[in-house]
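Novice: So the chains spell out like this:
There are 2 protein chains.
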Amino acid sequence: MAQQERALRTRRAILTAAAEIFDDFGYEAATMSEILRRAGVTKGALYFHFTSKEQLASEVLHENAQVPAVPPQRLKLQEAADRGLLLAYLMVRDPVLRGGVRLALEYVGQDKLDRSVPFQDWAEESLRLLELAKSAGELQPHIDPGELAEVFVGAFAGTQLMSHALSGRADLNERVVALYRVLLAGIAAPGVMAELDVTGDRGARVEKAIRALRPAVARPQPV
Amino acid sequence: MAQQERALRTRRAILTAAAEIFDDFGYEAATMSEILRRAGVTKGALYFHFTSKEQLASEVLHENAQVPAVPPQRLKLQEAADRGLLLAYLMVRDPVLRGGVRLALEYVGQDKLDRSVPFQDWAEESLRLLELAKSAGELQPHIDPGELAEVFVGAFAGTQLMSHALSGRADLNERVVALYRVLLAGIAAPGVMAELDVTGDRGARVEKAIRALRPAVARPQPV
Chain A
838 MAQQERALRT RRAILTAAAE IFDDFGYEAA TMSEILRRAG VTKGALYFHF TSKEQLASEV
898 LHENAQVPAV PPQRLKLQEA ADRGLLLAYL MVRDPVLRGG VRLALEYVGQ DKLDRSVPFQ
958 DWAEESLRLL ELAKSAGELQ PHIDPGELAE VFVGAFAGTQ LMSHALSGRA DLNERVVALY
1018 RVLLAGIAAP GVMAELDVTG DRGARVEKAI RALRPAVARP QPV
Chain B
838 MAQQERALRT RRAILTAAAE IFDDFGYEAA TMSEILRRAG VTKGALYFHF TSKEQLASEV
898 LHENAQVPAV PPQRLKLQEA ADRGLLLAYL MVRDPVLRGG VRLALEYVGQ DKLDRSVPFQ
958 DWAEESLRLL ELAKSAGELQ PHIDPGELAE VFVGAFAGTQ LMSHALSGRA DLNERVVALY
1018 RVLLAGIAAP GVMAELDVTG DRGARVEKAI RALRPAVARP QPV
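Residue numbers (the numbering used here), protein chains in the order written: chain A, 838 to 1060; chain B, 838 to 1060.
If you're looking for bench data, these hints aren't it; they were derived computationally from the structure. Fair warning: this is a prediction, and the values are worked out from it, not measured in the lab. Check each hint, because a few of them may be wrong.
Note that the list lumps identical chains together, so a pair holds whenever it fits in one copy or between two copies.
Think about it this way: if two alpha-carbon atoms lie no more than 25 Å apart in a straight line, the pair counts; the simulated DMTMM-like pairs of lysine to aspartate or glutamate are [as the list claims (entries may be wrong)]:
(1) Lys-1045 - Asp-861
(2) Lys-880 - Glu-842
(3) Lys-913 - Asp-861
(4) Lys-1045 - Asp-1034
(5) Lys-971 - Glu-1011
(6) Lys-880 - Asp-1034
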């Protein structure tokens, strides 16, 4: 294995461990020594890649904004739903995403961490899709995409929080599907709702479609 | 002033200060000395009323479950909406409610605090109202009240979290009104939505109606 590849794997292992610790304990209570223990790397390796807990948290938050774009659909409202269903699917499987969402939802304390990254990214993408949906006549006429984009993001955030609290996110997919069915029924123009696919395995199918579209990515394998 | 009344005021001042500190810093980072400083009482007075930070948090969480019942309405869906709009109205004004909601939404750490009190209380009340709405034919036939009650609670939780993060809850009422309009439009039977009042000042009017219905309560005045 080339040295660079090994370094990438180590970096990934540390980032994953840090995200898990942030998700379990929050930013304040997380310690570098606990992250070190979880990652199973040497102190030297950790500080070679990351200088501080703050830098680790910042990287976890920025990774969070890297959720892949969903494949284009005839209905833009389907794309907006796919974005949320994909995120629910990925969160259950990716500790870095989970850690980033927890960090984003923590109240700002005395630290200098910019927690708005995932919120903003998602609100902007939702807004873009909902504006396209409005132009295409997919929304009820009185709906304001700007207001709606924030409703979507806030409602998703609370739903995943409740799922974390009550089931350790085991029922996240189910809860997000229920949420999206109600939200979409409340905004879709007559006839559009019946054409939307908001079913339990939609998130998994979207993820599969994205992988099929992409050339193989040189992402480090699990160690 | 009678001695008992004075004791009640002191107790209230301490609980309010504790709730503010929990809301600002979270349970872990809150300290008894900071609560003491904020309440402006002596250490003796604090420990006369409360033995520990855990007891204070527990009291704040239980107060949270004391949101008054909303006045009966012809449409049960209106009562369900009134419950959320009232909570948004009260949260902006009542630090004890804010502190309780923050505590309820914190991930469970290593402590033994039962954070589920406000969640459960609200989910049960929502379920009761939505089941009545279903019996009365106010919901679209496919809607499952059990699933829906949790959608309402989770979506509200996330919306207030986002409002706290982005505006210090200055826009909470506005965001909750936007959320409820979409949620209700997604579940109401044809014709019912047009009869519902989900406007910006509904929460304030509900609170006024509750005060008018109640005999004067011997609640301690601000010190």
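Novice: Taking the hints in turn, state whether each one holds.
Specialist: Right, here's what the structure says about each hint:
| no. | hint | result |
| --- | --- | --- |
| 1 | Lys-1045 - Asp-861 | neither (29 Å within a copy, 42 Å between copies) |
| 2 | Lys-880 - Glu-842 | within (19 Å within a copy, 58 Å between copies) |
| 3 | Lys-913 - Asp-861 | neither (35 Å within a copy, 39 Å between copies) |
| 4 | Lys-1045 - Asp-1034 | within (16 Å within a copy, 43 Å between copies) |
| 5 | Lys-971 - Glu-1011 | between (27 Å within a copy, 22 Å between copies) |
| 6 | Lys-880 - Asp-1034 | neither (48 Å within a copy, 60 Å between copies) |
In summary, the numbered hints that this structure violates are 1, 3, 6.
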